[in-house]
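Build the full structure now, drawing on both the sequences and the hints.
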Amino acid sequence: AQKVTQAQTEISVVEKEDVTLDCVYETRDTTYYLFWYKQPPSGELVFLIRRNSFDEQNEISGRYSWNFQKSTSSFNFTITASQVVDSAVYFCALVNNAGNMLTFGGGTRLMVKP
Amino acid sequence: DAGVTQSPTHLIKTRGQQVTLRCSPKSGHDTVSWYQQALGQGPQFIFQYYEEEERQRGNFPDRFSGHQFPNYSSELNVNALLLGDSALYLCASSRGQGIYNEQFFGPGTRLTVL
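Protein chains in written order, with our numbering: chain Y, 9 to 122; chain B, 54 to 167.
The set of hints was computed from the structure by calculation and includes no laboratory data. Nothing false has been slipped in among the hints.
If you anchor each label on the Cβ, the simulated ranges turn out as follows:
#, chain 1, residue 1, chain 2, residue 2, range
1, Y, 55, B, 104, 15 to 25 Å
2, Y, 66, B, 70, 48 to 58 Å
3, B, 123, Y, 66, 40 to 50 Å
Ideal Cβ positions, reconstructed from N, Cα and C, are used throughout, including at glycine.
Written out as C-alpha cells, the structure is:
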C-alpha cells in the first residue's frame, strides 16, 4: 500500500511572503514517481512537476522550487514571493513503479492575501 | 489547440439511477484517465483507458465502468447511483499508457445524487 500525507490543510500568507507546502509519502517501491498539481477555484488540476525517485536534484522553476529528500520520504514545494494568483489547492501525488497505482494527498489550501 | 473537455458541467440524479459522463482528450493524446474527487479531498483514481481497453483500475466497484472510442474520447458510466457518488469527476488525458505520464485535466463534471 502507498500513502501521501499533506499535513497542512490550510495555509494563509500575505503577498510576497515565501511559503512551503509539505508532502510526506510512504511506499515499498524503490522506483516511483512524485507529482505536484495545482487546483485553482475553476477546478481544473494543473500539472506542476514530476520527479522520479532516482532524481534527487532539487528543481527551481521561476518562483517555484521543489526539495526532494528520499531519506525522509518528503517532496516539499516552496513558492517564493507569493502572489494572490497562487491561491489554490495544491496536491502532491505518488505513482508506484508498476504505474498502476496513483495516490493523491488530501491537498493544502493556500490563501495569499494582498 | 483545445484542451481536455468534459460534458456535462453539472448533473443532478437520484439514487438508483445511472449516469454517463463524457470526455474528449487533448489533441495528440491517446490515453484517458478518470478520477473522483469528493468535496475537500484529493482526487481518487478510478481507471485508465488506452487503445480502447481498461488498463489500470483503482479501488472502485464494478458499478463504475467506462469506454474509449476509436477517436480516443471516453465515457464513464456509473450504475445504481448512491448518495456517496456525489463528487467532481475529473478526466485527464496523456500520451501513452501509464499513469506516471504528465496528465492534462479537464474542468470536471459535478455530479449530485439526491
